[in-house]
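All chains should be modelled from the sequences, with the hints used to inform the complete structure.
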Amino acid sequence: GQQLNQSPQSMFIQEGEDVSMNCTSSSIFNTWLWYKQDPGEGPVLLIALYKAGELTSNGRLTAQFGITRKDSFLNISASIPSDVGIYFCAGQGRSNYKLTFGKGTLLTVNP
Amino acid sequence: DAGVIQSPRHEVTEMGQEVTLRCKPISGHDYLFWYRQTMMRGLELLIYFNNNVPIDDSGMPEDRFSAKMPNASFSTLKIQPSEPRDSAVYFCASSLSRVGYGYTFGSGTRLTVV
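Going line by line, the protein sequences match chains A and B.
Residue numbers for the first sequence follow the working numbering, so the first one is 491 and each next one is one higher.
Residue numbers for the second sequence follow the working numbering, so the first one is 50 and each next one is one higher.
I should point out that these hints are in silico values taken from the structure, not numbers from a laboratory.
Possibly wrong hints are sitting among the right ones.
[What the hints assert, rightly or not] Below, in silico cross-link-like pairs of lysine-lysine (DSS-like), each with a Cα-Cα straight-line distance of 30 angstroms or less:
{"hint": "1", "chain 1": "B", "residue 1": "K73", "chain 2": "A", "residue 2": "K588"}
{"hint": "2", "chain 1": "A", "residue 1": "K588", "chain 2": "B", "residue 2": "K117"}
{"hint": "3", "chain 1": "B", "residue 1": "K127", "chain 2": "B", "residue 2": "K73"}
{"hint": "4", "chain 1": "A", "residue 1": "K541", "chain 2": "A", "residue 2": "K588"}
{"hint": "5", "chain 1": "B", "residue 1": "K73", "chain 2": "B", "residue 2": "K117"}
{"hint": "6", "chain 1": "B", "residue 1": "K127", "chain 2": "A", "residue 2": "K588"}
{"hint": "7", "chain 1": "A", "residue 1": "K588", "chain 2": "A", "residue 2": "K560"}
{"hint": "8", "chain 1": "B", "residue 1": "K117", "chain 2": "A", "residue 2": "K593"}
{"hint": "9", "chain 1": "B", "residue 1": "K73", "chain 2": "A", "residue 2": "K593"}
{"hint": "10", "chain 1": "B", "residue 1": "K117", "chain 2": "B", "residue 2": "K127"}
{"hint": "11", "chain 1": "A", "residue 1": "K541", "chain 2": "A", "residue 2": "K593"}
{"hint": "12", "chain 1": "A", "residue 1": "K593", "chain 2": "B", "residue 2": "K127"}
{"hint": "13", "chain 1": "A", "residue 1": "K560", "chain 2": "A", "residue 2": "K593"}
[Unchecked claim] Cβ-Cβ distance ranges computed for the label pairs, FRET-style:
{"hint": "14", "chain 1": "A", "residue 1": "P529", "chain 2": "B", "residue 2": "E132", "range": "24 to 32 angstroms"}
{"hint": "15", "chain 1": "B", "residue 1": "G65", "chain 2": "A", "residue 2": "G549", "range": "47 to 55 angstroms"}
{"hint": "16", "chain 1": "A", "residue 1": "R550", "chain 2": "B", "residue 2": "E93", "range": "39 to 47 angstroms"}
{"hint": "17", "chain 1": "A", "residue 1": "I518", "chain 2": "B", "residue 2": "N100", "range": "22 to 30 angstroms"}
{"hint": "18", "chain 1": "B", "residue 1": "P133", "chain 2": "A", "residue 2": "T558", "range": "38 to 46 angstroms"}
We put the CB at the ideal spot given by N, CA and C, even for glycine.
Laid out in structure tokens, this is it:
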């Protein structure tokens, strides 16, 4: 089946630093999504990408849909303590509504 | 909208007992998903429904697990009998049948089997 490789598994950074994480797939996806999970809560959608090459921003977050449609990255600029959590990438095929999730990146921000 | 509502938020039970987790999806959503999250395995899809019909239950660990969706606004995940290795956070999510729409997750049920 489809698999997503998400890296890094975890990151420990200082407040104010920029963060970058990415996902790669063995299969082509038509939609890439990035979710954030706060401690004790369910994942919440941050950004959705629908077209190869698309670059989308949401505040301090920027995500890109890779040209090959097999990868995506998420950048967070000027991190703050509330950025702490687990970030998941997810891919969706053309006609299948089921999402394939990466294993997540655990982000810790030291004030 | 109140979002996806799961109950209970926390459940502690003894090994061998029956556990029932509940989920109310977002009104109008026609897909419902049950996930399990552990440190070791991450997010695992257990089963999903479309228009109340189970579509794929290949992720259900074993016969001790069962899920139902008797109507569009309610689903249950039952574990009988429960075992300590079932301890995890269980999430319900719902979605529309629209490519690129994404899922909306509930806040989860943290299950501890002692």
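Outcome of the hint check:
1. B/K73 <-> A/K588: 19 angstroms, holds
2. A/K588 <-> B/K117: Status holds; Cα separation ~19 angstroms.
3. B/K127 <-> B/K73: Holds, at roughly 15 angstroms.
4. A/K541 <-> A/K588: OK: A/K541 and A/K588 at ~18 angstroms, within 30 angstroms.
5. B/K73 <-> B/K117: 12 angstroms, holds
6. B/K127 <-> A/K588: 22 angstroms, holds
7. A/K588 <-> A/K560: 17 angstroms, holds
8. B/K117 <-> A/K593: 27 angstroms, holds
9. B/K73 <-> A/K593: Within the cut-off at roughly 26 angstroms; holds.
10. B/K117 <-> B/K127: Since the Cα atoms of B/K117 and B/K127 sit roughly 8 angstroms apart, the hinted pair holds (cutoff 30 angstroms).
11. A/K541 <-> A/K593: It holds: about 23 angstroms lies between the C-alpha atoms, which stays within 30 angstroms.
12. A/K593 <-> B/K127: Holds, at roughly 25 angstroms.
13. A/K560 <-> A/K593: 16 angstroms, holds
14. A/P529 <-> B/E132: 24 to 32 angstroms: 26 angstroms, holds
15. B/G65 <-> A/G549: 47 to 55 angstroms: 48 angstroms, holds
16. A/R550 <-> B/E93: 39 to 47 angstroms: Once the Cβ atoms are compared, 31 angstroms apart, the range 39 to 47 angstroms for B/E93 and A/R550 is violated.
17. A/I518 <-> B/N100: 22 to 30 angstroms: 28 angstroms, holds
18. B/P133 <-> A/T558: 38 to 46 angstroms: This hint holds: roughly 43 angstroms between Cβ atoms.
Hint 16 alone, counting from the list given before, is not met by this structure.
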